[in-house]
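Enquirer: Listed below, chain by chain, are the residues.
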Amino acid sequence: MTAQRLFDKVWERHVVASPDGEPALLYIDLHLIHEVTSPQAFEGLDLAGREVRRPDLTLATMDHDVPTIGIDKPIEDPMAAEQIARLRDNCAKHNITLHALGSVEQGIVHVIGPQLGLTQPGMTVVCGDSHTSTHGAFGALAFGIGTSEVEHVLATQTLRQTKPAGMAVNVTGDLPRGCTAKDLALGIIRTLGTGGGVGSVIEYRGPAISALSMEGRMTVCNMSIEGGARAGMIAPDDTTFAFLEGRKYSPKGAEWEGALDLWRGLVTDPGAHFDHEITVDAAALRPAVTWGTNPAQSVSIDDQVPDPAAFTTPALQQLAERALTYMDLTPGTAIRDISVDTVFIGSCTNGRLEDLREAAEVVRGRKVYPGVRALVVPGSARVKEAAEAEGLDRYFTDAGFEWRSAGCSMCLGMNGDILAPGERSASTSNRNFEGRQGPGGRTHLVSPAVAAATAVAGHFSAPGDL
Amino acid sequence: MAGVQQISGRAVALNRRDVDTDQIIPAAWLKLVGRTGFADGLFSAWRTDPNFVLNQPGANEAKILVSGANFGCGSSREHAVWALHDYGFQTVVAPSFADIFRNNCVNSGVVPAQVTDEGSARLFSALAADPQAEAIVDVAARTVAIPSAGVTEQFELSDFAQWQLLEGLDDIALTLRHGTSIEEYEADRPTWLPTVAAG
Chain D
6 MTAQRLFDKV WERHVVASPD GEPALLYIDL HLIHEVTSPQ AFEGLDLAGR
56 EVRRPDLTLA TMDHDVPTIG IDKPIEDPMA AEQIARLRDN CAKHNITLHA
106 LGSVEQGIVH VIGPQLGLTQ PGMTVVCGDS HTSTHGAFGA LAFGIGTSEV
156 EHVLATQTLR QTKPAGMAVN VTGDLPRGCT AKDLALGIIR TLGTGGGVGS
206 VIEYRGPAIS ALSMEGRMTV CNMSIEGGAR AGMIAPDDTT FAFLEGRKYS
256 PKGAEWEGAL DLWRGLVTDP GAHFDHEITV DAAALRPAVT WGTNPAQSVS
306 IDDQVPDPAA FTTPALQQLA ERALTYMDLT PGTAIRDISV DTVFIGSCTN
356 GRLEDLREAA EVVRGRKVYP GVRALVVPGS ARVKEAAEAE GLDRYFTDAG
406 FEWRSAGCSM CLGMNGDILA PGERSASTSN RNFEGRQGPG GRTHLVSPAV
456 AAATAVAGHF SAPGDL
Chain A
-12 MAGVQQISGR AVALNRRDVD TDQIIPAAWL KLVGRTGFAD GLFSAWRTDP
38 NFVLNQPGAN EAKILVSGAN FGCGSSREHA VWALHDYGFQ TVVAPSFADI
88 FRNNCVNSGV VPAQVTDEGS ARLFSALAAD PQAEAIVDVA ARTVAIPSAG
138 VTEQFELSDF AQWQLLEGLD DIALTLRHGT SIEEYEADRP TWLPTVAAG
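These protein sequence lines map, in sequence, to chains D and A.
Going by our numbering, the first sequence opens with residue 6, and the numbers climb by one from there.
Going by our numbering, the second sequence opens with residue -12, and the numbers climb by one from there.
If you're looking for bench data, these hints aren't it; they were derived computationally from the structure.
Note that CB positions come from ideal geometry on N, CA and C, so glycine has one too.
A portion of the hints provided could be inaccurate.
[Said to hold, decoys possible] Only part of the chain A face toward chain D is listed, based on derived beta-carbon distances under 10 Å:
(1) Lys18
(2) Ala56
(3) Asp157
[As the list claims (entries may be wrong)] Per the computed footprint, the stretches of chain A lying under chain D, defined by three or more beta-carbons under 8 Å from a beta-carbon of chain D, are:
(4) 10 to 17
(5) 142 to 148
Modelling step: build the complete structure from the supplied sequences, incorporating the hints.
Expert: The following block contains the structure:
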């Protein structure tokens, strides 16, 4: 038998039909939906008189534009309120389970799926959100889709997909102390470039990947899309199984044993060929800070703002110049000399309990620098609850952080948690695009530990600097 | 959805790579619950710059957007395609597209015309020389041409996407032809795979 990649194995198990001259029809095991990219899909379904084929394989939550303060009060923003009401109505009408604002299971889609044990190895998972790649951390094939595709999945539980190429990202060496999964993700994207993964499913491989916790693996897979990849995957192993065992939707008893047998086979066979391959040396990494307006534009915290002339192609030089103008940065400025106005800790990239622990450890017994606005937005209501049970909320609030309720919040600035024009943030989110966190806002992507240290120092800092 | 055969008209050159969907339609616009009404949101931050290409005379009549590599990267928001369409763009010509954006285009009847790097450079030169030039995108022939400059470039588009665009097909109806295969597949799925409990 031909040696297969992890991705081929998952793909093949989900092909429902492969008609001549058409992309394959793939079965979807789990469809996550939220308020922002679903209303038009439900409308299309209703106009065509179609039903949701598998409400039992569909889960809805509210995350993108929900408030993170005063969640017990009516939503002030009338447009957000309307969108949320639509989701409620659509779920009720089509018998879809909804973890609504205020529910203990509510949270960012990509945080709640794994938390509930719904995301399992070998599954196909889709959502109308590009960061669906997060779920690939479990050895699932998980990718973001548009609203027309959301409608297609609702109606058919399948998607028509051209098979992507397979790319290996080999991570050699061990992550140095003080470096986190976020620094690794940013380092990989720096090597890959914003479009290097287009048309490919990445498999992250190597000892530094195996050494990561599930939270860390989710951070790495989450940002696959920032390198353009269709999805990112990591072969499931004992770390994966230990995370899943006993969760609400994980298999139980004899079924658990059966599932384990199957999951252990979800690895790339020796000798399997990848269409593309890159290598990243984890040992050479340092805490990363982005300086530009795409996630590939990052340097180590020990470095300076780069000179656009140092880039290899005119297109990259032009991009760097434009980015520095937008970011109001001068080449040669030490990253540590850049001051921030706001620190945001949260998002589907870094809003899980482990992330909050890392940040809390740094701020414990310290104070947020005067004039800096600092927010912690847990990725889910359960994360918030667990953090509070450990007392993390008090470390944050004693230091001067705002302790919010779960949602996407300032990652994309739909809910009013935004930067003012010209404001600069250190953010644990995933995108530093122009205006991403609010029109005219300037975003620097960092790990939770760097975000926390930066909040204390008022300028970019690693925990060791404090 | 209406089929699209040929698009002729003014082309706008946005010579930049990595144009992300947050720029195409900023998040504040994603609160709309319909598929229309996004035209004013298209590139709204960049349009505050008087020199931006969409602020040049005649740009509001353009049907063809010519841009750089990795167009439509970032967020999966199909609103980006709806905004382009609402403004009047029926096609985007670029050397490469982000995967989700490309699918969204085809599903919303906007043609993602992927040309070579060299072809892209020739189109940009022709438009720099004559910004008023008429361009023609022919979906059946998979070509984009600027006749006044004597430029004709082939573009890549899968046969299936081409068929969908030409005919304006209902993708879901096409899939439902495979209803029996879907049922058979479902009957074979392991029973321990998770199903979401009601309520």
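Enquirer: Does each hint fit the structure? Answer for all of them.
Expert: Hint check:
Interface hint status for Lys18/A: upheld, as the beta-carbon distance to the closest one in chain D is roughly 4 Å, under 10 Å. At about 6 Å, the closest approach between the beta carbon of Ala56/A and any beta carbon in chain D falls short of 10 Å, and the interface hint on this residue holds. Taken as an interface hint, Asp157/A checks out: its beta carbon lies about 8 Å from the nearest beta carbon of chain D, inside 10 Å. Check on the region 10 to 17 of chain A: 5 of its residues sit with their Cβ under 8 Å from a Cβ of chain D, so the three-residue criterion for coverage holds.
Proximity of the region 142 to 148 of chain A to chain D, defined as three or more residues with a beta carbon under 8 Å from a beta carbon of that chain, is established by the 3 residues found.
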